[in-house]
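*Asks:* Each chain, written out:
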Amino acid sequence: MRHSFLDKYSDLDSPLHRMDLRLKLGAFLALLIVFAAVPMYWEVVVAALILLTGLFLLAGIPLQYVARRALVILPFLLFIIVFIPLFQEQTWLVAWHTFARAVCSVLTLILFVSTTRFVVLLQMLDELGMPRMIVQVLSFIYRFFFVLIGELERMELASRARAPRRGKMYYYKALSRMLGMLIIRSYERSERVYQAMQLRGYDSEGTDA
Amino acid sequence: MTALIEFEHYRYRYPDGTPALNDLSFRIQKGEQVGIVGPNGAGKTTALLALSGLLFGEGAIRIEGETLERRNGKHFRQSVGLVFQNPDDQLFMPTVYEDVAFGPQNLGWDKGRVDEAVKAALQAVELEGYQEKSSHHLSSGEKKRVAIATVLSMQPRVLILDEPSTNLDPHARRQLINLIESMDITTIIAGHDLELILELCDRALIMAGGRAVGDGSPRSLFRDRFLMEKHLLEVPYSLRSRTEQAY
Chain Y
1 MRHSFLDKYS DLDSPLHRMD LRLKLGAFLA LLIVFAAVPM YWEVVVAALI
51 LLTGLFLLAG IPLQYVARRA LVILPFLLFI IVFIPLFQEQ TWLVAWHTFA
101 RAVCSVLTLI LFVSTTRFVV LLQMLDELGM PRMIVQVLSF IYRFFFVLIG
151 ELERMELASR ARAPRRGKMY YYKALSRMLG MLIIRSYERS ERVYQAMQLR
201 GYDSEGTDA
Chain S
1001 MTALIEFEHY RYRYPDGTPA LNDLSFRIQK GEQVGIVGPN GAGKTTALLA
1051 LSGLLFGEGA IRIEGETLER RNGKHFRQSV GLVFQNPDDQ LFMPTVYEDV
1101 AFGPQNLGWD KGRVDEAVKA ALQAVELEGY QEKSSHHLSS GEKKRVAIAT
1151 VLSMQPRVLI LDEPSTNLDP HARRQLINLI ESMDITTIIA GHDLELILEL
1201 CDRALIMAGG RAVGDGSPRS LFRDRFLMEK HLLEVPYSLR SRTEQAY
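The listed protein sequences correspond, in order, to chains Y and S. All residue numbers for the first sequence refer to our numbering, where the first residue is 1 and numbers rise by one. All residue numbers for the second sequence refer to our numbering, where the first residue is 1001 and numbers rise by one.
Note that these hints are calculated values from the structure, not bench results. The reader is advised that the hints may include incorrect statements.
Stated by the list, open to error - Here are some, though not all, of the chain Y residues that point toward chain S, as calculated from beta-carbon distances under 7 angstroms: (1) V119; (2) F146; (3) V193; (4) Y194; (5) A196; (6) G201.
Keep in mind that this is a model prediction, so the values were computed, not measured. We put the CB at the ideal spot given by N, CA and C, even for glycine.
Please work from the sequences and hints to get the whole structure.
*Replies:* Below is the structure:
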């Protein structure tokens, strides 16, 4: 089972990993605001990319991994850019700005997530006054994401073992049914988890947890 | 002497009407190690959930003479430490520390006492230094031991293990057996691993159809081929005679 692909590099040790969390959050928010506000001339973009690359190298995160993660947003981005000409003049300029802003912001977020342990992030959200219920939900998502992925992988393996040479369409159909199964199984699991919580003194009013 | 745990003519029906426990009666004294065996659907897990105050039926369950009721159910949950069959259901916090501390925190203990309880519980399951690990990075055996630690930290009066050896390799299973053997606490072990119960328990209950149909020393009960096969169980290999082993 693949396990730590969510915050894979967050356990490394580097100046960025050790940085005080509130300071880091402030700095990253400032960076995001800059990327959103400043006109993205190519000099700015190059400077931003050099800065971010430097930080990634400093943190010891492989650039290949960063590129792979950044690629994920590309389809969404293209989708938006395609529609820009319908509403704007100076199409190419707006499109370029949007593209540059989005890429820089995503890289910044990847840097933040890969240098911060999720658990620490949750603690910080709690300290910053995020409602406890939301922090709890996020922490459950983090915990059970891995369990669910594992379950889905096993179901997929089982289906492949029984229908090795069916076409793509068949596969997608099966996958959609598996997702349905996964929801039912998760529902049942959630009941057992809730029982486990009750057994350890939890009640729904959310006493201190 | 008041029994630590007493089931008296206990009945439970699932919401859809299926009877799960049917006139179940037994007593467990403090310090006993009791194995509960029975075919699937015999009501083992239901009995354990009822004992933990998660289900309520007719009849009485008493813990140290006090009757378990809906209104005091929460109070009893601390005394009963139920370890689920699947540790993934029991470990729901991001780190081992938070999981083991979850119970004590809900009991309203102060930080120092919680820390102490967590440390002692992790020590008891021989996982010191695991506090900051994430549960999804642990092996099955480690998860099982953390799950045990999450209830030990609440200092229960009885430890209940539902199918403890599921998904464990022989080495992890052996570690678990040694661990349970080393603990000084009343223990109930439910499951199909008869060899494990033979090793750890001084008493066994056989459940079938929602009631107790056999009660005695594991060795004498499990050897009774007629009794075992009548209730869809079998005589463990180690208790069969030589001629039987040859088959």
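*Asks:* It remains to establish, for every hint, whether it holds in the given structure.
*Replies:* Hint check:
A distance limit of 7 angstroms between C-beta atoms decides the matter here; for V119 (chain Y) the minimum to chain S is near 5 angstroms, and the interface restraint holds. For F146 (chain Y), the suggested interface contact is upheld, since its CB lies about 4 angstroms from the closest CB of chain S, less than 7 angstroms. The beta carbon of V193 (chain Y) is positioned within 7 angstroms of a beta carbon in chain S (closest approach about 5 angstroms), and the interface hint is therefore held. At a threshold of 7 angstroms, the smallest CB-CB gap from Y194 (chain Y) to chain S is about 9 angstroms, leaving the interface hint violated.
Interface restraint check: A196 (chain Y) against chain S, minimum CB-CB distance 5 angstroms, threshold 7 angstroms, status holds. The interface hint given for G201 (chain Y) holds, since its Cβ lies 3 angstroms from the closest Cβ of chain S, which is under the 7 angstroms cut-off.
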